[in-house]
Structures are given as structure tokens and as C-alpha cells.
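Colleague: Model the full assembly from the supplied sequences, consistent with the hints where possible.
From first to last, the protein sequence lines stand for chains A and B. All residue numbers for the first sequence refer to our numbering, where the first residue is 1 and numbers rise by one. All residue numbers for the second sequence refer to our numbering, where the first residue is 1 and numbers rise by one.
By construction, these hints were calculated from the structure, which means they are not laboratory data. Any given hint might turn out to be false.
[Claimed, not checked] Subject to a maximum C-alpha distance of 27 Å in a straight line, what follows is the list of computed DSSO-like cross-link-like pairs (lysine-lysine):
id: 1; chain 1: B; residue 1: 214; chain 2: B; residue 2: 300
id: 2; chain 1: B; residue 1: 214; chain 2: A; residue 2: 300
id: 3; chain 1: B; residue 1: 300; chain 2: A; residue 2: 300
[Stated by the list, open to error] Here are a few chain A residues that sit away from chain B, every Cβ distance over 10 Å (derived from the structure):
id: 4; residue: 43
id: 5; residue: 65
id: 6; residue: 101
id: 7; residue: 295
Cβ coordinates follow ideal geometry from the N, Cα and C atoms, glycine included.
Number of protein chains: 2
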Amino acid sequence: MAINLNIPARNDVFPVPGTRIGITEAGVRKANHRDLTVFLLDEGTSVAGVFTRNRFRAAPVQICEAHLAGNSGIRALVINTGNANAGTGVPGLQAARQTCEALAKQLHLESGQILPFSTGVILEPLPVNRIIAALPAAVADTRPDHWFEAAHSIMTTDTQPKIHSRKIELGGQTVTLTGISKGAGMIHPNMATMLGFLGTDAGLTTALLRPMVKRIADRSFNRITVDGDTSTNDSFIIMATGASGVLIESAADPRFAALEQALTDAARDLAQKIVRDAEGSTKFMTIQVEQAATTEEALKVAYSIAHSPLVKTAFFASDPNLGRILCAIGYSGVEDLDVSRITLWLGDVRVASHGGRDPGYQEADGQRVMAAAEILVRVALGRGDVTDTVYTCDLSHEYVSINADYRS
Amino acid sequence: MAINLNIPARNDVFPVPGTRIGITEAGVRKANHRDLTVFLLDEGTSVAGVFTRNRFRAAPVQICEAHLAGNSGIRALVINTGNANAGTGVPGLQAARQTCEALAKQLHLESGQILPFSTGVILEPLPVNRIIAALPAAVADTRPDHWFEAAHSIMTTDTQPKIHSRKIELGGQTVTLTGISKGAGMIHPNMATMLGFLGTDAGLTTALLRPMVKRIADRSFNRITVDGDTSTNDSFIIMATGASGVLIESAADPRFAALEQALTDAARDLAQKIVRDAEGSTKFMTIQVEQAATTEEALKVAYSIAHSPLVKTAFFASDPNLGRILCAIGYSGVEDLDVSRITLWLGDVRVASHGGRDPGYQEADGQRVMAAAEILVRVALGRGDVTDTVYTCDLSHEYVSINADYRS
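Modeller: Right, here's the structure in full:
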């Protein structure tokens with residue numbers, strides 16, 4: 001029961017010139033399941049990514065980071081579901097390298113030009129031979145218009161595919177942005193991982209793209225939380241093929257900021273769709289913290305609210321329980337917080353001011369906001385002018401059921 | 001359905017010479033409810049406490065801290081349920097002060113010799129007149145052997161009273177330690193708060209007791225977590241009356257360490273009983289982190305495991321889901337953690353070594369440990385020689401029900 005998760009029609013998912021995608025069945029974990037996806041990228045494509053900060057980084061994450069740090073142009077991605085190749089030690093690294101080597105050989109590339117991604121059960125050996133055996137079929141299947149299919153083939157426990165696609169004008173030229181993501185909790189450790197792949201036919205140097213992907217992640221995939229858990233495999237990749245003829249080589253180029261904004265909007269939509277499809281969620285919550293002194297403290301307060309099981313269950317119950325939100329602000333760890341300066345809104349309703357219940361607040365107004373499927377929580381700290389925003393969902397019976405019953 | 005929560009028989013709860021307790025009905029929130037408790041302490045009693053670090057500190061917490069910082073000997077405690085006097089601003093502070101003044105007048109003391117405590121609904125004005133009107137009845141009821149009754153009268157959503165009582169030998173003399181606590185989540189914001197009151201007839205200077213109560217809290221009430229939420233009103237108080245004739249005036253006194261150990265054991269039992277009665281819990285978990293470089297990092301890892309909703313639901317399901325525990329260790333925020341050095345045990349079963357599944361691990365063994373109502377999770381980090389321990393419970397359907405349905 002995803003919350004307002006818009007799935008575009010197949011015809012509204014624009015191919016990204018310079019990319020081709022192929023999908024096949026490798027039988028990683030289940031038979032008759034399209035579990036292997038290959039992206040091929042034209043020469044000259046700039047690729048950059050951000051990865052999980054979990055210290056248990058899966059083997060493919062370690063290989064991705066090494067290959068992205070190298071100077072070979074990335075020319076292909078290979079993604080399997082069914083097995084995360086995480087907690088698999090040295091044999092896991094070897095399996096990820098073997099996959100890259102096999103695909104490189106087939107495509108007449110170097111192994112360092114391939115990025116591997118895995119999602120699925122952890123602590124089990126990757127059936128690398130089955131993946132390698134299926135690579136020719138995946139490559140043979142590659143077509144520019146397979147983004148819609150890829151949004152499905154990378155799914156694990158997702159109930160819905162997550163796709164964002166649009167065309168924008170950039171300095172008088174049209175460029176395409178299409179992306180897909182997967183993930184149904186921040187982590188679902190036996191069917192792990194959030195993945196995001198965002199492509200554009202705008203051109204951008206790798207030197208410009210690398211810091212940009214970090215900034216974009218910090219406004220999208222790094223601003224969502226379902227349960228506070230961070231997977232071993234989380235990865236977000238941007239691919240800029242340049243096939244549109246648009247080439248941005250300087251941050252001073254006026255098209256640079258416009259492209260970053262459009263990519264940020266796309267990434268935020270793909271990230272929010274993960275929350276909208278989160279395990280057992282029934283409400284989508286935007287937690288916006290204003291008037292913070294620093295980004296760090298804005299995020300402390302926002303995540304404190306977003307992670308509180310008591311706040312999350314109150315949202316599940318559509319209960320405007322101010323005490324729980326104020327408490328979560330109070331223990332967020334902002335040391336010198338003056339609670340008498342705090343104002344809190346639910347949607348457009350001011351519910352607390354000067355750290356206590358607002359004199360004009362009527363519970364019926366709070367109730368009205370909480371009854372909706374999408375809820376904005378705004379907190380003003382009265383300490384500065386920094387605003388930051390986190391997206392999350394409620395905590396339901398269904399969440400407990402899914403996560404308690406998963407392996408049985 | 002509290003987990004192995006031992007309630008002593010009334011006759012096994014020893015009075016603490018030098019203390020008397022009286023209980024009455026003030027009608028704070030409900031009629032016919034014994035909601036007001038008064039402790040009277042003999043002159044010369046040393047009293048010290050630790051309080052919530054939530055920035056939204058309730059009015060009584062603020063008054064307690066001020067009175068304990070003063071030089072007047074504390075001679076009485078007054079505790080009401082039904083209303084937490086939190087988020088109540090200046091009128092709330094006035095109400096707490098009025099309560100102290102009224103009790104001081106009745107007892108011919110100064111207001112600064114009284115400590116007030118409140119637990120119950122927050123963001124609502126304290127009905128201070130009803131409390132003041134009931135004080136004479138509470139004082140008239142005071143008796144040395146009312147600790148058992150007080151364990152009941154301070155309860156809010158607790159399903160069971162929490163009591164610890166024993167006598168120990170201290171340098172050839174017998175002293176009594178009796179304590180009570182309440183709380184059913186780390187916070188239950190409309191019926192808020194964890195409270196702990198521990199009395200002994202051993203004598204100890206206030207100068208020695210103040211740092212001791214902090215050390216004891218750090219090994220007991222500051223090592224439990226139900227849902228990561230911290231209340232506005234949490235308070236833990238130790239009262240040492242000296243009525244036994246034992247008087248410890250120096251930390252070099254050999255009885256000092258023995259008393260601290262006994263008080264720590266008592267406080268840990270009172271704290272653990274809160275977890276054992278936690279909302280919806282079915283399992284009691286001890287998370288012990290060994291071989292840490294510092295206490296801080298041991299606690300980061302322990303709380304990361306203890307707070308993970310995915311770990312907690314796996315325990316609810318009796319599912320030895322290693323991936324969830326390893327992941328929680330990985331994202332605990334210990335920056336340079338080398339996961340290849342980590343060993344993990346469930347009870348006596350080594351389940352992971354070198355950061356992956358242990359070669360000798362059989363899932364049936366993990367299953368056997370997880371099926372029990374009490375589970376020990378041990379993590380060795382391979383970084384140093386610091387050990388620390390946190391106590392928590394699982395996350396059940398019942399937790400969601402209690403917290404989603406509470407106000408409706």
C-alpha cells in the first residue's frame with residue numbers, strides 16, 4: 001500500500017541517449033525471475049556515485065569505489081538481485097571482481113570500467129558462475145528503452161517500481177533525465193539495500209560530477225529514513241552520457257546550476273518513492289527544521305523526530321501527540337537548545353510556541369492535519385537561518401509483521 | 001506480560017530506618033486513585049540525584065536540581081501521578097514551588113528541603129490546589145513500612161510494581177537497601193517518565209553521594225532503553241539516612257566500595273525491571289560489547305543494536321538474523337571500525353567471526369538461544385579492553401498497539 005507513489009506509463013519513461021539496458025534470468029536465488037540487469041554506457045560518459053557509510057560495506061560497494069577512483073571511463077553496470085554479496089569476505093570480493101572481468105571481456109573493456117551492484121540475501125556466497133553464464137543474454141537484450149523494465153528487475157521486496165523521467169530545456173537544448181531506484185526500508189538485511197541509478201544525456205565532466213553527486217545525495221537519498229537502519233549495499237549513481245550534445249565543463253556555465261537542480265529534483269523523487277513504498281507505511285512525513293544554527297543541528301532535530309518510535313506510532317494512529325514531538329526535539333542532542341524559543345507546526349496549524357502548547361491551538365485542527373496521508377511537520381528553533389528537511393514514514397503493525405515474519 | 005519480573009512479598013520489603021512514606025488520593029486526574037506519595041527523611045539524610053538530559057525538562061526536575069544544589073538538607077519528597085507538570089512553562093514552575101512551600105510549611109521546613117516529582121500527562125496544568133489539599137492526609141499516613149505500597153502508588157502505565165529490597169553486611173553491621181522504580185517505556189509522553197527512589201540506612205556524606213549517584217546511574221538507569229526516547233521527567237534519587245549507625249566519610253573507607261556495589265546492584269535491578277515491564281515487550285535482551293577502545297564506542301555499538309527496529313523485531317520473532325545485528329554494528333558510527341575483527345555471540349553460541357558468519361555456526365543453535373525469554377548478545381570489537389552493557393527489549397505488535405492507541 002504505497003503512499004501516493006506515482007508510476008509513469010511505460011511511454012512516459014524516456015530513454016537516455018547513450019545508455020542501453022539489458023535484463024535476463026540468472027537464477028541467482030529463484031528460477032524464472034529476471035534478476036540480472038546490465039547498463040551499457042557510451043564512451044565518454046561521466047559516472048560518479050555515493051555509497052553506504054556502514055562499516056560492513058558489501059563487496060560490490062568496495063569494488064565500485066575502487067573502480068570509480070580509477071581513471072578508466074566507466075562503461076557498464078551489472079546489477080543482480082537475490083544475493084547482496086555482503087558479509088562474504090575475500091571470496092565475495094573475488095566474486096564481484098570475476099563478474100566485472102567476465103563482462104569486461106565480453107565487451108572488450110577493462111575490468112575497472114565496470115561497476116557491480118548486488119542486492120538480496122546477505123551472508124551467503126554469491127553464485128557468481130550463474131551470473132557470469134547469464135551475462136551474454138543480458139548484453140544481447142540491451143536496448144535504450146528498457147528503463148521501465150529495469151525499474152522492475154532491480155526490485156526485491158519493493159511493492160512498486162520507482163521511476164522518474166522528464167525532459168528539460170537547458171540553454172535552449174532539450175536533455176533527458178531518467179532514473180530508477182529500489183528499496184523498501186533503509187535496510188532489509190536479507191533482501192537488502194537501497195539502490196538509485198540516474199541517467200542524463202547532458203554532458204558533464206567527471207570532475208564536476210563527483211562533488212555534485214554528493215551534494216545531490218545530501219538533498220535526496222541522504223535525507224530519507226524509514227527505520228534508521230543503513231544497509232551494507234546502499235548505492236546511488238549518476239551517469240551523464242553527453243549524447244544530447246550539451247557539454248558542461250565549468251561550474252560557472254549557467255546550465256550547470258539548472259542541471260544540478262533538475263538532477264536533485266529527480267533524485268529527491270526517487271528517494272521519496274522509497275519512503276512511499278516503505279515496509280508497512282501508511283503516512284508520508286516531511287520533517288522540516290528551520291531557524292537552526294547549523295545543518296548538523298537541523299538534522300539532529302529532524303532525525304530525532306523521524307526516528308522516534310513513539311512519534312511514528314502516533315502518526316500511524318493519526319494522533320496529534322505534541323508531547324512526543326516536543327520530547328524528541330528535547331533529546332535530539334542539541335546541547336544548548338532553548339526550548340522556550342521553539343515553534344512547532346503540523347501542516348499549517350501552529351501547535352506549539354515558546355516550547356509549550358500554542359494558546360490558539362485546537363486539537364481538532366491538529367487532528368485534521370494528521371488524518372491526511374501526507375503530513376508536514378515544521379519546527380522553528382529560533383537559533384539561526386539554516387533549514388533542512390528529512391522524509392520518513394510512520395510505524396505500523398504491518399512493519400512489525402513484515403520484519404518479524406520475514407525469514408519464517 | 002512482564003518478563004521474569006520478580007515482585008517480592010510485602011514482608012520481604014524491608015523498611016529503611018530514617019524514612020517514612022505516606023500515600024493518599026489527591027484526585028490529580030482520576031478519582032479514587034492513590035496518586036500522591038510523600039517521603040519523609042530524618043534529619044542528616046544525604047540525598048543526591050540524576051535527572052533527564054532532555055532539553056524539555058519538566059518543572060519538578062528543574063526545582064529538584066535547584067534544591068539539591070542548595071545547602072539545606074533534603075527532608076521530604078512529594079510525588080504525584082496523573083500529571084507530569086511538563087511543557088507547562090512558568091505556571092508549571094510556580095505550581096511545583098507552591099507544592100514544596102505547602103509541604104514545607106506543614107513540616108516546619110524550608111521549601112528548599114523538599115524535592116517534587118510528577119509523572120502523568122504532559123502539556124496540561126498541574127492541579128496544584130488538589131495536591132496541596134491532600135498533603136495533610138499523605139503526611140498523616142506516613143509509616144516506615146510503606147515502600148511496598150509506594151511501589152504501587154507511583155505506577156502509571158506499569159503493569160507491575162518494581163521493588164528491590166535486601167540487607168547487607170557492611171563492616172560487621174547490617175544495613176538495609178530498599179528501592180522502587182516506575183516506567184514502562186523510556187518515555188510514554190502522556191503518562192510520562194521513569195522514576196527511581198533508592199533508600200539506605202547506611203550513612204554517607206553528600207559530598208561522597210553526589211558523584212556516586214552519577215556513577216550508579218551510568219551502570220543502571222542510563223544503560224536501559226526501550227525505544228530510545230528520553231522523557232522530560234526522568235529522575236533517580238538515592239537517600240542515605242545513616243540511621244543504621246554506619247557512617248562513611250571517606251572513599252578510602254573499605255565499606256565505601258561495598259556500599260556502592262550494593263547500591264549499583266539495587267539500581268540495576270530497578271532499572272532492568274522497567275525493561276522487563278516495557279510496553280509490549282516479550283524478550284529481555286542484554287547487549288554486552290567487549291574489547292572496545294573507549295566506553296563511548298562500546299555504547300555506540302550497544303545502543304545501535306538496542307535501538308534498531310529491525311534487530312528488535314527479529315528478537316520478537318525469535319529469528320537469529322545475524323545480518324541485522326552486524327549491520328547495526330556497522331552503522332553505529334565508530335568511524336574506523338575494522339569489521340574483519342568482530343566476533344558475535346548469541347548466548348554461548350559464536351555466530352559470527354572475522355566479520356562474517358562463523359564457519360562452525362549452525363542456525364539451530366542460534367534458534368535455541370533466540371527462543372528464550374532472556375537473550376545475551378555479546379560483541380567483541382577487537383579494539384581494546386573496555387566492556388559496557390545495555391539492557392533492552394524486543395519490538396512487538398503490542399508496542400505499536402499500545403502507543404498508537406494510547407490517546408484514543
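Colleague: For residue 43/A, which was marked as not at the interface, is the minimum beta-carbon distance to chain B over 10 Å?
Modeller: holds (36 Å)
Colleague: Would you assess whether residue 65/A, listed as outside the interface, keeps its beta-carbon beyond 10 Å of every beta-carbon in chain B?
Modeller: holds (15 Å)
Colleague: Is the straight-line distance between the alpha-carbon of residue 214/B and that of residue 300/B 27 Å or less?
Modeller: holds (19 Å)
Colleague: Between residue 300/B and residue 300/A, does the CA-CA distance stay at or below 27 Å?
Modeller: holds (16 Å)
Colleague: Looking at residue 101/A again, its CB stays over 10 Å from all of chain B?
Modeller: holds (23 Å)
Colleague: With the threshold set at 27 Å, check whether the alpha-carbon distance from residue 214/B to residue 300/A stays at or below it.
Modeller: Holds - the C-alpha atoms of residue 300/A and residue 214/B are around 26 Å apart, at most 27 Å.
Colleague: May I ask you to check that residue 295/A keeps its beta-carbon over 10 Å from the closest beta-carbon of chain B?
Modeller: Non-interface label stands for residue 295/A: nearest chain B Cβ at 17 Å, farther than 10 Å.
When the structure is compared with the earlier hints, no violation turns up for any of them.
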